[in-house]
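Student: One letter stands for each residue in the lines below.
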Amino acid sequence: MSDKKTDTTAPDDAMLDDANQIEPGDGASADPEDRDAPATDTLDTVDDQAKQPTEYLIQGGDFDDVVAAQRDKGDETIVINMGPQHPSTHGVLRLEVELDGETVTHIRPGIGFLHTGIEKSMEFRTWPQGSILATRMDYIMPMFNETVYCLAVEKLLGIKAPERADILRVLVMELNRIASHLVAIGTGGMELGALTVMTIGFREREMILDFFEALCGTRMNHGYVRPGGVSIDLPDDGLAQLRTVIEWLHRHLPEYAGFCNENPIFRGRMCGMATMSLAQAMSLGVTGPPLRATGYPWDLRKKQPYCGYENYDFDVITWDTADAYGRVRVRLSEMWESLKIVEQCYEKLEKTAGQPHMTTDPKIAMPGDLTVGADGQGNSFSHVKHIMGQSMEALIHHFKLVTEGFHVPAGQVYQAIESPKGELGCQLVSDGGAHPYRAHFRDPGFHNLQSVPLLCEGGMLSDVVVAVASLDPVLGGVDR
Amino acid sequence: MSVTNVVADATPPADPPAEVAVDSTPSVIGVRKGMWGTGPGDVSGFGGLSSPVVRHQRASRPYGSWFDAVADRLEELVPGLPDEVNTDHDELTFFVPKALLLDVVRATRDDAQLRFETCPSVSGVHYPDETGAELHVVYNLSSMTHNRRVRLEVTCGQEDPVIDSVTSVYPHADWHERETWDMFGVIFAGHPGLTRILMPDDWQGHPQRKDYPLGGVPVEFKGAQVPPPDQRRSY
Chain A
1 MSDKKTDTTA PDDAMLDDAN QIEPGDGASA DPEDRDAPAT DTLDTVDDQA
51 KQPTEYLIQG GDFDDVVAAQ RDKGDETIVI NMGPQHPSTH GVLRLEVELD
101 GETVTHIRPG IGFLHTGIEK SMEFRTWPQG SILATRMDYI MPMFNETVYC
151 LAVEKLLGIK APERADILRV LVMELNRIAS HLVAIGTGGM ELGALTVMTI
201 GFREREMILD FFEALCGTRM NHGYVRPGGV SIDLPDDGLA QLRTVIEWLH
251 RHLPEYAGFC NENPIFRGRM CGMATMSLAQ AMSLGVTGPP LRATGYPWDL
301 RKKQPYCGYE NYDFDVITWD TADAYGRVRV RLSEMWESLK IVEQCYEKLE
351 KTAGQPHMTT DPKIAMPGDL TVGADGQGNS FSHVKHIMGQ SMEALIHHFK
401 LVTEGFHVPA GQVYQAIESP KGELGCQLVS DGGAHPYRAH FRDPGFHNLQ
451 SVPLLCEGGM LSDVVVAVAS LDPVLGGVDR
Chain B
1 MSVTNVVADA TPPADPPAEV AVDSTPSVIG VRKGMWGTGP GDVSGFGGLS
51 SPVVRHQRAS RPYGSWFDAV ADRLEELVPG LPDEVNTDHD ELTFFVPKAL
101 LLDVVRATRD DAQLRFETCP SVSGVHYPDE TGAELHVVYN LSSMTHNRRV
151 RLEVTCGQED PVIDSVTSVY PHADWHERET WDMFGVIFAG HPGLTRILMP
201 DDWQGHPQRK DYPLGGVPVE FKGAQVPPPD QRRSY
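If you're matching them up, the sequences are chains A and B in order.
Using this note's numbering, you'd call the opening residue of the first sequence number 1 and step up by one each time.
Using this note's numbering, you'd call the opening residue of the second sequence number 1 and step up by one each time.
Think of the hints as simulated: they come from the structure by calculation, not from any bench.
Because the structure is a prediction, the values reported are computed rather than measured.
Not one of these hints is a red herring.
Here are the simulated DMTMM-like cross-link-like pairs (lysine to aspartate or glutamate), alpha carbons at most 20 Å apart as the crow flies: (1) A:Lys303 x B:Asp90; (2) A:Lys302 x B:Glu91; (3) A:Lys160 x B:Asp88; (4) A:Lys160 x B:Asp90.
Derived coverage of chain A by chain B (criterion: at least 3 residues anywhere in the stretch with Cβ under 8 Å from a Cβ of chain B; other residues may be distant): (5) 284–291; (6) 411–424; (7) 433–441; (8) 444–451.
Even glycine gets a Cβ: it sits at the ideal position worked out from N, Cα and C.
Pulled out of the complex, with its shape left as it was, chain A reads as follows (with noise of 0.2 Å):
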């Protein structure tokens, strides 16, 4: 192929060659000595030559041929590319699998397919619009993502957000969570060939998505939780949306546990796969369910809580068997608990109409309280009507907050919650300006995928896929 490249001829007939494939000796070759293997160079006797590892490459060519040049050798050593398009890595990950037969001897993640620079971009936005990047960034847990940034620029601005707005970020992050696990069954448990886990895992998310887009417009990519509080309180028939979004779970969420505890496919594919002790897991420092799957009850939300977690009545749900079985019961049973804190935040909201759901500081919080009209767009003609006519100070002040936004004391802090995935941490620096000096954030899927070696290596290639569904990476947060 690369002799090709050198070709002068027009970029057409190029493409039509690499389409076709025909040059005999080209790929998937028949005779190794075809190649140009550099290292062959150096060797001096057949028996050498025999161990040599022999390369091949897939573009088209008989597989056949490489079948009869490979009977001989009794080297069954195989290494192959995983990704990053390959549709069992939940993105773009890209894992580099060493095989001997079927058996992984070696496999090395590769990353970085989806990065997009959001910490950088942080560096030159404002510290709301910073909200708006972070949502993008493990996109099947945005409301954890926006979390854990707000709650570091209230850290650093040493205020805390009005009781209701925690109790609905409490409200969205569970019910986010529970979306999150959906997918994490759905699509785990498609890639075992359970297609109707995931159509159903689907069809739940799309209610609680429903019920997103009718709290603040957008089916993903919220940017609903800002520093100081929520962007926009419930609307007036929210209680009631919120109430057929409970019922509609308690309805369908035993259905999983239908298809899949007792699934002898399900549990053939899964018990004993994949295992990783505690020691192992604490030497490898990971968290979220592969953690709480071997049996230590470690969850930020009660060790550590944040947005007064410590008042809602929730357990931590652990299992004892170490292996993707046991994080699939977790996360199933994590639903389960988290639509009680869900039904706790429906009483609270009940309680707290008519409160806050913005801090009252008018150089923090946004001016006008929004309502989403009828094109999903968030707007507030009171406010309209006051800025552009009746007072020139309130319009100046809107329009520094907008464009400027507001400045943040000089420090550096740390703020980790418990997402669906495990820690998700978020590091701010700021020097005393209205950005962003640094944003890092810890992502759950980053840390924990170092430990697919562990998971897969001595494992059939088969069973890569069950690994990596287990630790439910997202690989927009991987990469960020």
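Model the placement of chain B on the given structure of chain A, informed by the hints.
Tutor: Coordinates of chain B only, in the frame set by chain A:
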């Protein structure tokens, strides 16, 4: 776990490091002028204001809550550790000279009274104005036994950006250090495979440094040109 258990209170380092930076209190990292932005057009009357930008205040004893116990124990285990601590926002930060970093992390992990089992996050911060200590590496440690968090901050100069890798103590710092190398160009000596992780292997430069441009093109919107974010007026 392949890491050998190091007895924390053994062997003090041969000689205390020379570059122990006991900086002035408070450490001023810049001066902010005016109330709003830089550049012309500030008609608010606040243009004459001038205020120092303070990075951190050095805390003095007692630090409060469990901070004193941890600081005492760490100073006991790591002789020569300067008494430079920050306790802003109820978070404990130790400013560790880079020669002592490995001693400190061994102590934080292995000592029963400290027992910070994991290092959930390592990242860098670039302060181009701090000559000789432009690059800061920040380690956030977490203790599940005691339910505590502590932060270590280590600096190195841009000319000689080498810091010992903590992967021998915290194996899971592997990717975080690779990311910090990738983004800031800090070389972690002793890391098992310090390669780029987020950027392509053949990338030039370290994108999170402050002198690395953000990039972007001007966007035309309804006839007006909006400059890329790093060329807009900064506030």
